[in-house]
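Asks: Next come the chains, spelled out residue by residue.
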Amino acid sequence: MRVGVVVFPGSNCDRDALHGVELAGGEPVALWHEEPDLHGAEVVILPGGFAYGDYLRAGVLARFSPVMQAVRDHAAGGGLVLGICNGFQVLAEAGLVPGALLRNASLRFEHRWVRLAVERTDTPFTRAVPAGMTLRLPIAHGEGNFFLPDAELDALEARGGVVFRYAPPEGNPNGSARDIAGVIDRRGNVCGLMPHPERAAEPLLGSADGLLLLRSLVAGGLAAAAA
Amino acid sequence: MTTFRFVVAVMPRAGILDPQGRAVEGSLPHLHATEVHDVRVGRRIELAVDAADAGAARSIVDRLAGELFANPLIEAWRVEALGEPVA
Amino acid sequence: MTIVETAVPATDLATPLHRALGLTDEELAAIGARLGRAPNDLELAMFSVMWSEHCSYKSSRPWLRRLPGAGRGVVAGQGENAGVISIGDGLAVAFKLESHNHPSAVEPYQGAATGVGGILRDIFTMGARPIAVLDALKFGDPDDERTRHLVRGVVHGVGGYGNCVGVPTVGGELVFDPSYRDNPLVNVMAVGLLEERHLTRAAAPGPGNAVVLFGSATGRDGIGGASVLASATFNETSAAKRPTVQVGDPFAEKLLIEASLELIEGGLVEGLQDLGAAGITCAVSETADRAGTGILVDLDVIPRRETGMTPVEVMISESQERMLAIVRPALVADVEGVCRRWGINATVIGRVTDDGAIRIVSGATELARIPAAALTSDAIVYQREARAPVHERAAPAPGVHRELLETEPGLPERGMDPGAVLLALLGHPNLCSRAWLTTQYDETVGADTVEAGEHGAAVLRVRGTPRALVMATDACAGVASQDPYLGAALAVAECTRNVAVTGARPLGVTDCLNYGDPGRPEAFWAFTEAIRGVADACRALELPVTGGNVSFYNESGSGAIAPTAQIGVVGLLDDIDRRVGPVFRSAGDVIGLLGSTTPGLAGSVYASLAGASLDDRPPGLELGRERALQELLIEAAAQGLLASAQDVSGGGLAIAIAEGCIWSGLGAELDLAVGSTPALELFGEAPSRAVVSTTPEAWERLADLAAGRGVPLERMGRVGGDRLHIRLIGLAATGAAEERGAGVADDVDVPVGALEHAWTAGLPRALGEEA
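So the protein sequences, as listed, match chains A, B and C. Final position of the first sequence in our numbering is 236; the numbers increase by one with none missing. Final position of the second sequence in our numbering is 89; the numbers increase by one with none missing. Final position of the third sequence in our numbering is 969; the numbers increase by one with none missing.
Among these hints, one or two may not hold up.
Below, a sample of chain C positions facing chain A; criterion: calculated Cβ distance under 7 Å [said to hold, decoys possible]: (1) ASN361; (2) CYS362; (3) PHE449; (4) GLY541; (5) TYR639; (6) THR642.
These aren't lab readings, by the way, just hints derived from the structure by calculation. Only a predicted model underlies this, so the values are computations on that prediction, with no experimental measurement involved. The beta-carbon is built from N, C-alpha and C at its ideal position, and this holds for glycine as well.
Isolated chain A, as found in the complex (with noise of 0.2 Å):
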């Protein structure tokens, strides 16, 4: 399984997510923002990172780099996309999941361990991952507080596109509308989270419940290939 992780100037969990990649049994393959091409991945990661510097709108300007009309076609065609931190942004920026990442309610950077719910496990995204199961999975971001109105929230809901919620004990760290920490699109195909799985792979780096996640996106790509 090929597995493309997108370098934008200014990721800097490029590195950390092919190996992740790597140790859910994926074939790594790292994307130039400016080479509108996939070189073959079934499955696209956009990493964390301040693409573009974060300037302007955390996520804006990578929206607009030749790698994201293929993500977009990549997208549009169902293929698997996993949009981690800054990668979250970039894909709300873009349309591609639903919302926006305003600032942290606490106005800083928020670097902590997270306990994360997992509404569904019948995503490609989520279905390693044991039902009933919260994962144990670091934040690191400045602008991750999850923000829709309250009728799209409502219909967000209503359509299951709530993945992730940020559950106790340590609750919810950055103000999120109703603790969502990661949404998934309409199709079901376009996943965004904050949290950072691909840090949590690993029982020596206090967490593998990242891994499930990272299997799920391998497995869950090759059952997209076969489909």
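Using the hints provided, position chains B and C relative to the given structure of chain A.
Replies: Chains B and C alone, transformed into the frame defined by chain A:
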């Protein structure tokens, strides 16, 4: 071609949490400025456009404002001409 | 922010240019002697920045030679951008500690941010990928609103830069002491990992090679920053100095890291140097001098961010995020290609020559011609006068009763409830949880962080090997303000011990020496004492000092800072699975104290709360004992004997035990034999001690090992329950309760939850940010 200069003022939409504005407002008592309220913090972008006329220049800026400078989901914006055009 | 109009201050007949630039008449004469003629204005400006204390080390250089530089595995040492030590398998670690004190006092966010940027450049210039940052921060009283402003700005700046470039900030120090009120210390340590074959020198070999400047354009940032800010006493003119603050761009730095490492890994550069203080002038003169060559610079082609810049401004600008590469002519196009791919501007600004001179030309005009050595290795050196101050007793802490201070040595203090003191110490701003700060730092980016933050030394695995790098930074300014020699030696002992308790073998030391005005004999004496202390400690522990930084002029109108020798240590753990943490592991484990408690409360956190006897001194340090303890800890870890190990330092034994409880959620039941006074036994900060816990089965083996190595080991009690209960036993422990009357226990007996609450709430409370 003439060079037109613009300013795009981007503000959080009404009803959107504006933690920066809230923080600024929270610091006002330290400055004994208790009569000040409704603080909102936004962003100002200045730019120059080469175009045949003011209308053409403005339509370019209007498009960029909605696609790039502001996120319409959370932000509102206003475009204003800045100074006199330079031929 | 307005920018100064020109670097050369307006002069009149009364103020000759050299003096306006901060050069003395003697220095002007020395410059003339090296040139064989009078310098022109540009040359004078170049000398003024290069001969500043910050760039030339003109006061400290003769003393720095006394630090031991040689050691096992050292592949780059003092005089290079960073020390580099081999860790086997063709890998090496690069590390260095550096100060950014004065810029941070002027503009805390940008000062701290550019401090991180500068030290990171020192690391990747060597060919290493930066893998960790540690920040050692010293501020005045946290109650002070100005201090809070500085703390917030500096922490925001360290995080803002490190988080964005994607280098985890994994540890450090946060210390409050009134002496730092007007002159905070921002010392930053960076650590990088490289393949030894990629080790790159900051030299300009090969006449004919191209000199390539890449990165950001040159603006008027930080004009004269090195000479003005870091080389003069800080005083009321700070507002006027504001324009010299540099502004950092971590995004540009991130691109610079990737491009530089790609250039090095591709074998495209002969030498690489970052641009920091004194900008292009420093980079060309240092690289040329290291290689024994010269460099010819074409001033006109240097990309500028602003129009109308004078030659002086271009040559001494401290614009951030710039690098200088020495490139074989045939490879220039390749270098430009790599830079272009990363969206970075690269310009050939000159070439290496064989005449040993730095020449600056504009068109057909030669604007400056200076021997490279005259700007660097042959810069002026001073033999400063060092004089010990007349001994002054520390004033008693306010509100402390004289009878308390005059307690006879050996008798228990009256009126002390040790449990209450323990809670007060746990909540003390210098000992409590650093979560307020560490949650603002990305500790896990890079996916190599095994341990970070506030539990002692940071541990980062070396991917693809069973090994880990362990790193820490410490200072003992509380002791150093009474005895700068002892304070510096203790800092080395404590920092290496912090690394050794994990089971890692310390590899080398970097130091950042923060002192007052070197022209003041008492301040310079403190510096020379620190050199002696660091040197003695490193020799005894057989560790090389691979580089660092000296920061003088840390004074303000209210006086000099506590003399601060900040020490950074990197160690190597051969088997990451054998690492030992400070957290108690299981109920029933045996708790013991390695090492022995020696007298002396002065300089301790306890003394800062309760006052100390006027006759008291800081605890002494026996380096032989320290070494034996560290060897034992490393051996015990390698044999898998230890469930936990924590060094005894700030707050003393009781704090070390309490931390093990808080972090594990487990209680402990102990007996403490009091030979002197309860305060000394519980809260004294005597060095060369560690609290360890083992399984009952491993205890005898540990005891045998300790006996064999002559390290005292006292069995204290067991892990278990949900309270920390320390019974004070022995003759000296009795009496206090009798004198206070019934109802006051001498024991420490506190629920772990209360310990945790005190420890957690301390910093937000101190900074006025309680939720």
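Asks: Does the structure break any of the earlier hints, and which numbers would those be?
Replies: none
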